[in-house]
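Here's the letter readout for the chains.
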Amino acid sequence: MFRDRSLAFKQSFYILACVIIIFAVIFSFMAWQIWKVMVNGIEASAMNAAKAAANQLDQSFLVAQRTAGQMALMMENESMNEQQIKVMLQTTVKSLKRELPSVYGGSISFVPNGFKSSRRYFMLYCGYDENRQLQLRQAGSDKYQYFFQKWFTLPQNLDRSVWTEPYFDDGCGNTLMTTYSVPFYRRINGKKCFMGVVTIDMSLSWLRKLINSIKLHEDGYAFLLSKFGRVVSHPDPGLVMNASIFSIAEEKNDRELREVGRRMISGDSGYVDFKHSKIYAGKCLMFYTPLRSNDWVVGIVFPNDHLFAKINNIELRTSGIAAAGLILLLGVVIAVSKRVTVPLRRLTEATAEIGNGKFSIKLPEIKSSDEIGTLNRAFSSMQKALRNYISALKETTAAKEKIESELHIAREIQMGILPQIRPPFPHCSEFSLFAELIPARAVGGDLYDFFYLDKDHLCFVIGDVSGKGVPASLFMAITQTLHRTIAALDKSTGEMASEVNSSLARNNETMMFVTYFIAVLNVRTGEIEYTNAGHNPPYLVRDSQETELLNTLHGPPLGISDTQYGTSRLTLDSGDSLLLYTDGVTEAMNADLAEFGTDRLEFIIESSLSQLDIRNLVAKVVSTVKEFAGCAEQSDDITVMALHYNGDQSGM
Amino acid sequence: MLRIFIAASLLSALIFPAAGNPAENKCLKSVTLTLHWLPQAQFAGYYMALKKGFYQQQGLDVKILHKKPHESIFELLKKRKTDFITVFLSTAIKARSQGLDLVNTGQISQKSALVFVARKDSNIKTIKDMHGCKVGIWTVDFKVIPQVLLQKNNVKSEIIPVVSDVDLFLWRGVDVIVTMWYNEYHMILNAGINEDELTTFFFSDHGLDIPEDGIYCLERYWQKNPEICRRLLAATMQGWRAAFRNKKKALRLIQKYCKAGHRPFNKAHQQWMLSKMEKLIFPDNQNCQGRLSASAFKKSVKILQMAGVIKAVPTYNSFCRIADLSKIERGNDVQRSKSGF
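Which chain is which? The protein sequence lines are A and B, in order. Following our numbering, the numbering of the first sequence begins with 1 at its first residue and continues without gaps. Following our numbering, the numbering of the second sequence begins with 653 at its first residue and continues without gaps.
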C-alpha cells in the first residue's frame, strides 16, 4: 500500500496510527470508568435523596398517626359526651396544626345510631376554612352518608388504621388530601364492637412541594406514588391524581414499566436501569423506596443522557487535547523523519552522481554520529577508494596497453618466423603443403617450418612448446632458429633432433621443453626420414584411403635431457598425404569441458580427404575445432600442417 | 356497519331534505339531554353526534348536560330541567314501577357490563364460593342486580356498601367487588393487579344480562314529540358508529369534555372504556342496535320482580317507545325499489 511512499510518510503514518489506537483504548477505558464512578455516585446520592425524602414525609405522617391514635383511644371511653368530644377534637386539631402546618382538619364519626340510638348521624368535623378559621360542625346527613365513605369503611372492614389514597377535597378549594383513619371500639355486652372512626386530614401540597424540590443534577426529578401506584406528585401536573404508573405503562404500551410499578408498590427499595422506557425520552435510572407510614413510594428518575452528556463533554475536551497532541506529534515525527531522510536523500543524489562517474562530487556534510553519519562516512571512504582504484586502473590500463602493443609486435615477429608463403611452393608439382597456426594468446608456443635442404629434399617440422605465452614463444623462436641452423643434408633427422635437443637442454633452467616432429621428404622418391620427439603422432593417409598413425616415438620432447634420437623411414606413394597437428587440436575443449579428441579428427580426415585439397582440409580441421569449442576460450595454440605427395612429376 | 350508516344517512336525507345544512335550517328543535354520569367515554357517541353535526342534520339543537354527583336525574326530568336523560334500564324500570311516567326511547347498551371480581388467591372460583365472603356492592340503586345474582345462587355473603371506587377491594377490605367492566374493572388493573391474578364473573354469563344505558323521556313528552325522540336516537347511533370508527378522534373529544367538566382525563382508562363500550353497544351476535328487545325487557322485569324491587310491572309496549330503526331502514329499501332503484 505504501511501497511508493516516502520513509517519512510511512514512519509518520505508523506512529500516528499506533498513538491514535492507544488514545482510543485509553479514552474508552476512561469513559467506562467515569461512567461507573458517576453511576455509583448517582446511585448513592439518588437513593439517599429518596430515603431522606421518605423519612421526612414519614416524620409528618407519623406525628398525625400518633395524634389520631391517641384520640381514638380517648373515644373508647364511653363516658365522653358530645361537648367533651368537641373540645377534644378542637384542641387536638389546633395543637396538631401548630406542629404540622399541613394538617387540614380532623373528624370523629360514629357508626349509624352508634353515638345515641336515636341519632342516626354523628360525624363531628373540625377543619380550617378558606380563611384559615377553625370550624366545627356536624357533617352527617341523609345527603352525606359518611359511613359509606372509604375513610370510614376501610378501617371498619380492615380493623386497622389506614392512610387513604389521596383525593381531591371539593369542599375546601380543591385541595389534594389524604386522610388517616383510626377505628375505635367500645365494649357492648362484653363484646368489642366497632363504633366509629377518628380521622386526621392532611393537605398534600406541602408534600408535593417537598418532592418537587428534590432536584438531582438539573434533569433528575422525584415523584411520589400512592400505595396503589397513583401519581401523587410529579413535575408534570397533568399526571398528578390522574394517572397511575400502570395507566402510563398501558398508554405507552410499556410492559416493563408495569412490572417495575408492581415492584415499586410491593414495599421494596430498588433501582431500575431503563433502557427503552417511555416514561422518559431516552435511557434513565430510577430509584425507589417506600414510606414506612403509608406504603407510598418515593421515586427518583435520573436521565442517563445527562450523564452521557457529561462524559461526552469530558471526552470532547480530552479529544481536543489529544488532537492538539497528535498534531504536535505529527510535527515532531515529520521533523525527525526529515532530519533522517533529507541527508539520506542528498546522499542518494550524490551516490547517483558517483554512479554516473563523477567520483569527485562532494558528499553532503553530516556530522552526526548516528547510522546516517556512519553511512555517509562509509560512502565517503568508498568514494575515496573508488577514486584511487580508478586512477590505479588507469595506470594499469596504460601499462597493459603497452604490454599488449609489445605483445602485438612480438606476435608479428613470431608470425614472421613462421614461413608465410602460401601455398609455399607453388612451382613444386611433386607435393602440396599447407599449414595453419592459431595462437591461443598474442604469442604462442606452437611452431611449424618447412624448407628445402637441396632441390630434392624438403625438411618440415612441427612442434609444441610446453606452456604458453611469451616464454613459450621465445622458446619456440629458439627452436625454430636452431633447427634452421642445424638442418643439413648430411644429417639424419635423428641427428638433427639430437642436436637441437642438446642446444635447448643446455642452460634450460626454466625446464621448458618442446614436442617435436622433424621429417625430410625426398620429393623425387617420396622417401621420408623422420624423428618424433614426444609429439602427437601424425596421420598418414594412403591414396587408398587407409589411415595410419605414425606412432613411432624416438624420445622425449626436446630440452629435457641430453638424448640421442633415432630416425624412422617410410615412403610416400603418389596420392598419399600426411597430416600433422599439435595437441591444441585434440585437446580443444568446449563449454562443457569435453575434449575434441582424436576420433573427431580422424573422422574429418577420413571423410574429407578424398574430396578436399589439403589447404581446405586444414581449414576444415581448424573450423571444426573452432565450431566445437564454441564460445569456450581457446586454451592452447592450434597448429595443423598437411602434406600431399603427388609423386615425381619430372620423370613423367 | 358501513351499509347501515349509508342507509341511515340516505334516510335522513330523504326525510329531512333541508336538514343537511344547519345554516339554512332555521327551525332547529331545541332539546336538552342529561347524561347520568360525569364526562367519560361511556358517552362518546353523544359527544360525537354533536360534534359531527348529526343532531343538526336531524333538525335538532341538542344541549348535552352531565348530572352532578349530588343531583337526582329523575328530579331533573320531573322538574322539566331536561327533555331526555340517560339511565340504566333497571333503574328506569324501577322508577317507572314507582309511578314515574318514563318511556324508553332508545337502548344504547345491549349487554350488562356488571362483573364480580375476586382475587385468584382468595380461592373464589365459582359464585357459590362467595358464600360467607365480604362482597362490595354499590350503595346506589343498581345494587339490586348483584344481590339478585347472589340470591339466585343461594349465596349469603356479607354485603359491604361501597362508593364508586375499588379501594376497599385493593386494600383487601372485601373479597369480591362488583365493577363495571368498562370502568372500575380497569381501575383494579390500573392499581397494578394483573388480569391473570383476577377471577371474573360477568353477569351476562350468569343469566343476568340486563342491558344498561338507555335514553328516556317522560311519556308526555314522547306523545307530543315522537319524531324528535326517533331522530335523537338515529343521530346518537350515528355518533356511536363514528366514535368507534375513529377512536382517536373520539378520545380527543372525550378529553375536551373532561376538561370542560374539570375532570381528569386518563387516556388509558378512557381508551379502555371506549373499546368496552363498543362491545356493549354493538355486541357480536346481536342485531338490535339502539333498541330494547322485548325479551331483554321481559327478562329484566322478571329479575327485578324476583329481587322485590318492583311490584307493578309495566308492559313492554307502554315502556318501550323506540321507533324501530331497522323497520324504517327496510321501509326505505321498499321506497327505493318502488322508485325504480
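Any given hint could be a false lead.
Okay, the calculated beta carbon distance ranges per label pair [what the hints assert, rightly or not]: (1) B:S970 x A:Y144: 50 to 56 angstroms; (2) B:R732 x A:F168: 31 to 37 angstroms; (3) A:G270 x B:S947: 24 to 30 angstroms; (4) B:K780 x A:L136: 47 to 53 angstroms; (5) B:N806 x A:P235: 21 to 27 angstroms; (6) B:E849 x A:R132: 31 to 37 angstroms; (7) A:E251 x B:E849: 18 to 24 angstroms; (8) A:K116 x B:E879: 56 to 62 angstroms; (9) B:R732 x A:D129: 34 to 40 angstroms; (10) B:K730 x A:E130: 31 to 37 angstroms.
Simulated pairs of lysine-lysine, PhoX-like, Cα-Cα distance not exceeding 25 angstroms [claimed, not checked]: (11) A:K143 x B:K719; (12) A:K252 x B:K730; (13) A:K191 x B:K786; (14) A:K143 x B:K703; (15) A:K283 x B:K919; (16) B:K919 x A:K252; (17) B:K919 x A:K143; (18) A:K143 x B:K795; (19) B:K715 x B:K703; (20) B:K719 x A:K252.
Where chain B lies over chain A, by a calculated footprint (3+ residues, C-beta under 8 angstroms) [to be verified]: (21) 73 to 84; (22) 245 to 253; (23) 546 to 554.
Simulated from the structure, these hints should not be mistaken for lab results. The structure presented is a predicted model; accordingly, all values stated were derived computationally and were not measured. For each residue, glycine too, the CB sits at the ideal point set by N, CA and C.
Taking the hints in turn, this is what the structure says about them:
1. B:S970 x A:Y144: 50 to 56 angstroms: At 37 angstroms between Cβs, range violated.
2. B:R732 x A:F168: 31 to 37 angstroms: Check passed, 33 angstroms falls within 31 to 37 angstroms.
3. A:G270 x B:S947: 24 to 30 angstroms: About 55 angstroms separates the Cβ atoms of A:G270 and B:S947, which means 24 to 30 angstroms is violated.
4. B:K780 x A:L136: 47 to 53 angstroms: holds, 49 angstroms
5. B:N806 x A:P235: 21 to 27 angstroms: violated, 54 angstroms
6. B:E849 x A:R132: 31 to 37 angstroms: Hint violated: Cβ distance 46 angstroms, outside 31 to 37 angstroms.
7. A:E251 x B:E849: 18 to 24 angstroms: holds, 21 angstroms
8. A:K116 x B:E879: 56 to 62 angstroms: holds, 58 angstroms
9. B:R732 x A:D129: 34 to 40 angstroms: At 36 angstroms between Cβs, range holds.
10. B:K730 x A:E130: 31 to 37 angstroms: Holds - the Cβ-Cβ distance for B:K730 and A:E130, about 35 angstroms, lies within 31 to 37 angstroms.
11. A:K143 x B:K719: Holds, at about 16 angstroms.
12. A:K252 x B:K730: Violated. A:K252 to B:K730 sits at ~45 angstroms, over the 25 angstroms cutoff.
13. A:K191 x B:K786: Cα-Cα ~21 angstroms, so holds.
14. A:K143 x B:K703: violated, 36 angstroms
15. A:K283 x B:K919: Holds, because 24 angstroms separates the two Cα atoms, which is no more than 25 angstroms.
16. B:K919 x A:K252: holds, 10 angstroms
17. B:K919 x A:K143: violated, 32 angstroms
18. A:K143 x B:K795: holds, 18 angstroms
19. B:K715 x B:K703: holds, 11 angstroms
20. B:K719 x A:K252: Distance ~32 angstroms between B:K719 and A:K252 Cα, so the pair is violated.
21. 73 to 84: Contact hint for the stretch 73 to 84 of chain A vs chain B: violated, 0 residues under 8 angstroms.
22. 245 to 253: It holds: at least three residues are needed, and the stretch 245 to 253 of chain A offers 6 whose Cβ sits within less than 8 angstroms of chain B.
23. 546 to 554: violated (count 0)
Consistency note: the structure conflicts with the earlier hints numbered 1, 3, 5, 6, 12, 14, 17, 20, 21 and 23.
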